[in-house]
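As given, the protein sequences belong to chains A and B, one line each in that order.
In terms of the numbering used here, the first sequence opens at residue 1 and continues consecutively.
In terms of the numbering used here, the second sequence opens at residue 1 and continues consecutively.
Derived by calculation from the structure, the hints in this document are not laboratory data.
A few of these clues could be false.
No distinction is drawn between identical chains; accordingly, a pair holds when it is met within one copy or between any pair of copies.
Claimed, not checked - Taking lysine-lysine and the DSBU-like style, the derived pairs with C-alpha atoms no more than 35 Å apart in a straight line are:
id, residue 1, residue 2
1, Lys270, Lys227
2, Lys261, Lys227
3, Lys284, Lys261
4, Lys118, Lys275
5, Lys232, Lys284
6, Lys227, Lys284
There are 2 protein chains.
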Amino acid sequence: MRIAVLGPRGSYSEKAAMQWLAETGSEENYVIEYCDDIQDVFTSLAYGSIDIGITPVENSIEGSVGITLDMLLGSDISIIGETVVTIEHCLLSRGRKEDIRIILSHPQGLAQCRQFLKEHFRNIELRTTGSTSHAARLATEFEEMAAIASRESAQMYGLNILIPNIQDREQNHTRFLIMTSSGSSADYGQAAKTGRKHPFKTSLIIYLDRDRPGALYEILGEFAHKKINLTKIESRPSKRALGDYVFYIDFEGNISDDIIKDALYNIESKVGMLKILGSYPMFKADITRD
Amino acid sequence: MRIAVLGPRGSYSEKAAMQWLAETGSEENYVIEYCDDIQDVFTSLAYGSIDIGITPVENSIEGSVGITLDMLLGSDISIIGETVVTIEHCLLSRGRKEDIRIILSHPQGLAQCRQFLKEHFRNIELRTTGSTSHAARLATEFEEMAAIASRESAQMYGLNILIPNIQDREQNHTRFLIMTSSGSSADYGQAAKTGRKHPFKTSLIIYLDRDRPGALYEILGEFAHKKINLTKIESRPSKRALGDYVFYIDFEGNISDDIIKDALYNIESKVGMLKILGSYPMFKADITRD
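Generate the whole structure from the sequences, applying the supplied hints.
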């Protein structure tokens, strides 16, 4: 099983992969491939050079990862699982705090630590990298550089943890999607299913016919009338015009359930586009609120 | 009238300010103040050091501006208007294309040109700045630096336009909000209203009681049954826990209309929190799709 994650070594995506493998009891035969960015994970899936791709989709502080949502719309993939990783960003460097002139991280890492950066490093240079671990690797080059990355990255790249736990909220979690190519014949999804006893979740994308008032309400009615619980609804620009959106909807249930089949049958006749991304075991929700 | 925008001079926010002043016929008495970042615009409003604050809220390629949404929730402001600016990002530098080692821009600018950067500058260093015009100003320092910023910034800072129109979609628009402090006694909103003949729009934020299935459906029903047209619905993390959201809803109508008052009265009893951000004239929608 070849698994693509954001690289280099020590990324939160790699942590997500390890966690998912442990949760599903499929830790034996795998190779991790490290991609430069999220698009490359999807491209590798499309080319068939990997079996499974893992990318972040949403963070509890900064929200959705736009590029993942866009790639889900544009790619031929199936979601077969999800996992939630606890994020503890640290400020890492070879040098001392007072030497730091440049801070590097993934844009989500910078955004999750916005207050911290504003308070402690107001006029510092901020550089974006493809991942937090990439930032850590680059920070090994000069003492004046620091990375916002995980505790594990510090160890992996021989950096000092100057300040731990620097994100703007104590609670910080990122949800990752586990995906295969839709054309994939191997059933990793099945492996995932048998390893878990959690309820299922289904993800889809819809595009409504424009300017029809109440259209979204009708769609949500299909779920509400059947007591299907929505776990997420998110709008994203269709990129056709400002104010024109596609909707990403996650709900409890499996596409093989009759009630879900019925709902989707009804929805299909009411939307301009319906794309089903997959049904997969929900991550166990033991994450508490502040 | 003291107006705060993202600075320095030449920012798209400044363009939004000029456009809004022209649209509302209030071009005579104003001073522009330039802020370092979006949070500072809100802070200046809170401190009363300015009368009007203008920040970007959503882009047609990259979607919502997270920090603006977060600040709307946390601040005591009223939205009194909106305007939509056509964005044409250019690659600007003192040097030649082949000299470029570093590209600077606002995170939204980098994201709107993601494909361009991947194709033409795959392994280049990317730095984030508080605004695109700030990137342009910094790019004057070294020939190896380029900024993603507006055509106007090139002129303002004496940079060459190496490549024009580099965003990933030809059509690129950003919507800006015009805001006052809620406590403001001066009625700039009224000035805005009399200058326009457009229909009104109202913006609000709601927080649903958690784990009540169909709750969002019920809220949308209040709008649908009254044929009130939603123009936007967007979820944003509540930051309490992953999977816990606040919803930003924009709809046609004015809070002084009886039908809107009724709807909001009903909604208030069904939600955990309702925050009304304001009613204001809609930007004239002459923006066409691709």
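Consistency of the hints with the structure:
| no. | hint | result |
| --- | --- | --- |
| 1 | Lys270 with Lys227 | both (19 Å within a copy, 18 Å between copies) |
| 2 | Lys261 with Lys227 | both (14 Å within a copy, 29 Å between copies) |
| 3 | Lys284 with Lys261 | within (24 Å within a copy, 41 Å between copies) |
| 4 | Lys118 with Lys275 | between (40 Å within a copy, 27 Å between copies) |
| 5 | Lys232 with Lys284 | both (16 Å within a copy, 31 Å between copies) |
| 6 | Lys227 with Lys284 | within (21 Å within a copy, 39 Å between copies) |
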